[in-house]
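Peer 1: Make a model of the complete structure from these sequences and hints.
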Amino acid sequence: MRKLYSNKLTIILFILPALILFLVILVAPIFLSGYYSFFDWNGFGKKIFIGLENYKELLTSNSIGFIKALGNSLLLALLSVVVQLPLALGLALLLGKGRKGERGFLSIYFMPVLISTVVIGQLWLKIYNPSYGILNVVLRSLGLDSLARIWLDRKTALGATFVPILWQYVGYHMLLMYAGIKSVPIEYREAAMIDGAREGQVNRYIILPYIKPILKISTIFAVTGSLKSFDLIYVLTNGGPLHATEVPSTLMINMLFLRNRYGMGSTIALLLIIMCFAFALIIGRIFKDKED
Amino acid sequence: MKKVTALLMTMVMLVSLVGCGKSDASKTSTTTETPTTSEATKAPDATEASTATASDPIDLTMWCIATESDSNRHAYEASIADFQAAHPEINLTWEATQNQEYKTKIKAAVAANEMPDIFFTWGCAFLGDFVDAGRVYSVDDVYAKHASELPEVMMGNVKYDGKYYGVPMTMNIVGMFSNMELLKEAGYDHVPATYDELIACCDALVAKGIIPFGCSGKETWAVTEYLESIIEKTAGASALNEIFAGNATWANDDVAKAVGIFQEMIEKNYFDPEGIALSNDEVKANFIAGKYAFYMNGTWNAADFDKAGLSDKIQVAEFPVIDSSKSKLGELIGGPSDTLAVAASSKNAEVAAESAFEIAKGICHYGYLDGNGLPAWTPDYDTSGINSLTKSVADIVANSSQMVLYGDTAMSADTANIYLDYVSQVYASVIDGKAFVEGLVNDIK
Chain A
1 MRKLYSNKLT IILFILPALI LFLVILVAPI FLSGYYSFFD WNGFGKKIFI GLENYKELLT
61 SNSIGFIKAL GNSLLLALLS VVVQLPLALG LALLLGKGRK GERGFLSIYF MPVLISTVVI
121 GQLWLKIYNP SYGILNVVLR SLGLDSLARI WLDRKTALGA TFVPILWQYV GYHMLLMYAG
181 IKSVPIEYRE AAMIDGAREG QVNRYIILPY IKPILKISTI FAVTGSLKSF DLIYVLTNGG
241 PLHATEVPST LMINMLFLRN RYGMGSTIAL LLIIMCFAFA LIIGRIFKDK ED
Chain B
293 MKKVTALLMT MVMLVSLVGC GKSDASKTST TTETPTTSEA TKAPDATEAS TATASDPIDL
353 TMWCIATESD SNRHAYEASI ADFQAAHPEI NLTWEATQNQ EYKTKIKAAV AANEMPDIFF
413 TWGCAFLGDF VDAGRVYSVD DVYAKHASEL PEVMMGNVKY DGKYYGVPMT MNIVGMFSNM
473 ELLKEAGYDH VPATYDELIA CCDALVAKGI IPFGCSGKET WAVTEYLESI IEKTAGASAL
533 NEIFAGNATW ANDDVAKAVG IFQEMIEKNY FDPEGIALSN DEVKANFIAG KYAFYMNGTW
593 NAADFDKAGL SDKIQVAEFP VIDSSKSKLG ELIGGPSDTL AVAASSKNAE VAAESAFEIA
653 KGICHYGYLD GNGLPAWTPD YDTSGINSLT KSVADIVANS SQMVLYGDTA MSADTANIYL
713 DYVSQVYASV IDGKAFVEGL VNDIK
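Order-wise, the sequence lines are chains A and B. According to our numbering, the stretch in the first sequence is residues 1 to 292, in order. According to our numbering, the stretch in the second sequence is residues 293 to 737, in order.
Hints listed in this document are in silico derivations from the structure and should not be mistaken for laboratory results. Keep in mind that the hints are not guaranteed to be accurate.
[What the hints assert, rightly or not] In the SDA-like style, the derived pairs of lysine to any residue whose C-alpha atoms are separated by at most 20 Å in a straight line are:
(1) A:47 / B:401
(2) B:451 / B:424
(3) B:737 / A:55
(4) A:47 / B:707
(5) B:737 / A:51
(6) A:216 / A:82
(7) A:46 / B:400
(8) B:737 / A:59
(9) B:726 / B:451
(10) B:737 / A:39
(11) A:68 / B:709
(12) A:155 / B:722
(13) A:212 / A:283
(14) B:683 / B:670
(15) B:451 / B:539
(16) A:68 / B:722
(17) A:46 / B:405
(18) A:155 / B:723
(19) B:549 / B:683
(20) A:228 / A:81
(21) B:737 / A:57
Peer 2: Set out below in structure tokens:
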């Protein structure tokens, strides 16, 4: 071992390819975004240094609407944690007990994760279509005409957009949790049952503590994924109508490629990265405290 | 020996990674690439280009938005085929990208100064940003040779500081397409010629359970086709032009009044309420299916309506005058915007400029015959086979006195998007005319 560590040149050379990729693809763009965020720049013209003006405008301007976009993504993050993850956990616990057709159900629940987001977006666009969408058609056929509506209108668009996002990734989190549940030694479960524990107690006192690291990872993925959410919203509403479904990522694309404000787009990008890191650290700390 | 092996393996890994990177970059392109008709060779430098001969081939690249599904695809293919047949000494490689992705792609290419020799662009502010950055070649010298067939009035949107930087191809205006069968059901055998008659017609249509207008709220530019026409016919073309050009403020009572008129039409159920959640393609499909009596949109739609067999059923007209003391018939929204430009960084800029003019002329020719718009170039060919809707559009333009370019093209990207934001608020009736002008005055710097 000592000989291996003393051979620094070999270690450096082996690490170098991955390190270069990491620095060039991940670290350098973060620093570049930070650099560009201090400029008023349209992407190809002259850069004008404006200090923290972009940050000030982003956090105070109503016409940009960053605070609202951030609020939307935080709401999505909250819903992911209180709706998506419990749903995924429930399914994982059910399937983890080794029911008949377990593999079939696993495949069915995981299928939305495998389908392209654009396809899912187009599918839900058809479901929500006010004229021929299946949702309104079913409501009308049940005599619930008053409930049929324009689902992607500004009043209901946010909720209508969140439904497919939450639905798509339930299977993903379920699979993570299912893998964790399957790794719980059968002896633990059997010992608890012999001691008279009911199924709910086994889940609560044996399974959940055992898969806590996986729950932590799932929570981090759900929260940071919500903060970065883009594709489904872009396909379904592109942040509209009237910014009702705007999230920081759609706002960033708008600034970069529609409004030619590379400085402002970079500012949003940097804030997104910082928030994702911060939430990952906070969630890690919460789970650590509970473990302690 | 182990050290040497480890070192060699590391070097192999590094080399293979570089190789993969290149390969991946070429595979991730989402564009439709049209292969060149001859083998590509190394492009000659600027001095070689100016003295190019038949034995000294020149490579040119061109980017555009005429993808397979684009109505102009045939015009591009036919024009480029003609060009390549006439110029075997030039190897032209062209590729088309979807409209929205293209905007991102060309901006990135301009930022990196890695533009193709010839590129599609929109006139006015979109091209203006590239010109300001010094990335576009001035085509003044080449235009002088073609001035007799490309009227100077068509070059207004590619002229910056007295110099020309692009070649326009086709031009379009906003037209009010009317479904005559639905109008007949409401008791009208002609398109309403005055504003009062239009309102009476809309009331009659609503009473019959027919939706007068369809408008996509999902694509705000489609809303501007209505709003800008109403503003123009209320405040006048000159006033609107001055506002778009930044020479006058949005604080204009006539603009606020026009917004009020538009919103009154929405309140009176003249517009399909479902339109707010529909794309423009969906609204257009509804119009073709006979759901709406009127559809205000670009006259490039004439070809699609003709293909759908609706030429006999549909008529096109301009929006009627609302305030005759400030506006008149013949004041239109639209103008030549689709343009080919040449990169200043092109090694063969002079040849590329000559080629751009020739290709643009061909696209204009075939595009006009296909019914995709009116020609920016004076036609010197038989136009008797053009569909009746396009002929009507040509008549409207022939009688026009002034055109105001679409607001989102006329204004800079940032300003245009602030404007579009307020337009969408107007369509959703979140703000009124007063708030519209006040908001734009405050937010547009």
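Peer 1: Each hint needs a verdict: does it hold in this structure or not?
Peer 2: Comparing the hints with the structure gives:
Between residue 47 of chain A and residue 401 of chain B, the direct Cα distance comes to roughly 17 Å. Compliance with the 20 Å bound is thereby established for this hinted pair. Between residue 451 of chain B and residue 424 of chain B, the direct Cα distance comes to roughly 12 Å. Compliance with the 20 Å bound is thereby established for this hinted pair. Taking the CA atoms of residue 737 of chain B and residue 55 of chain A, the gap is about 18 Å. The hint holds against a cut of 20 Å. Distance check on the hinted pair: residue 47 of chain A and residue 707 of chain B sit about 18 Å apart at the alpha-carbon level, within 20 Å; holds.
Proposed proximity of residue 737 of chain B and residue 51 of chain A is supported: the alpha carbons are some 19 Å apart, at most 20 Å. For a cut-off of 20 Å, the pair hint linking residue 216 of chain A to residue 82 of chain A stands: about 14 Å separates their Cα positions. Distance restraint check for residue 46 of chain A and residue 400 of chain B: the Cα-Cα separation of roughly 15 Å lies within the 20 Å cut-off, and the hinted pair is therefore satisfied. For the hint pairing residue 737 of chain B with residue 59 of chain A, the CA-to-CA distance comes to about 18 Å; that is within 20 Å, so the pair holds.
Distance check on the hinted pair: residue 726 of chain B and residue 451 of chain B sit about 34 Å apart at the alpha-carbon level, beyond 20 Å; violated. Between residue 737 of chain B and residue 39 of chain A the alpha-carbon distance is near 17 Å, which keeps this suggested pair within the 20 Å criterion. Between residue 68 of chain A and residue 709 of chain B the alpha-carbon distance is near 18 Å, which keeps this suggested pair within the 20 Å criterion. Proposed proximity of residue 155 of chain A and residue 722 of chain B is supported: the alpha carbons are some 12 Å apart, at most 20 Å.
With a C-alpha separation of about 12 Å, the suggested pair residue 212 of chain A and residue 283 of chain A falls inside the 20 Å cut-off, and the hint holds. A threshold of 20 Å between alpha carbons decides the hint, and for residue 683 of chain B with residue 670 of chain B the separation of about 15 Å falls inside it, so the pair holds. Distance check on the hinted pair: residue 451 of chain B and residue 539 of chain B sit about 17 Å apart at the alpha-carbon level, within 20 Å; holds. Between residue 68 of chain A and residue 722 of chain B, the direct Cα distance comes to roughly 16 Å. Compliance with the 20 Å bound is thereby established for this hinted pair.
The hinted pair formed by residue 46 of chain A and residue 405 of chain B meets the criterion: a straight-line CA distance of about 14 Å does not exceed 20 Å. Our distance criterion of 20 Å between C-alpha atoms is met by residue 155 of chain A and residue 723 of chain B, whose separation comes to about 16 Å. About 33 Å separates the Cα atoms of residue 549 of chain B and residue 683 of chain B, which puts this hinted pair outside 20 Å; it is violated. Simply put, residue 228 of chain A and residue 81 of chain A have alpha-carbon atoms about 15 Å apart, close enough for the 20 Å limit, and the pair holds.
Between residue 737 of chain B and residue 57 of chain A, the direct Cα distance comes to roughly 13 Å. Compliance with the 20 Å bound is thereby established for this hinted pair.
Hint compliance for this structure: hints 9, 19 are broken, all remaining hints hold.
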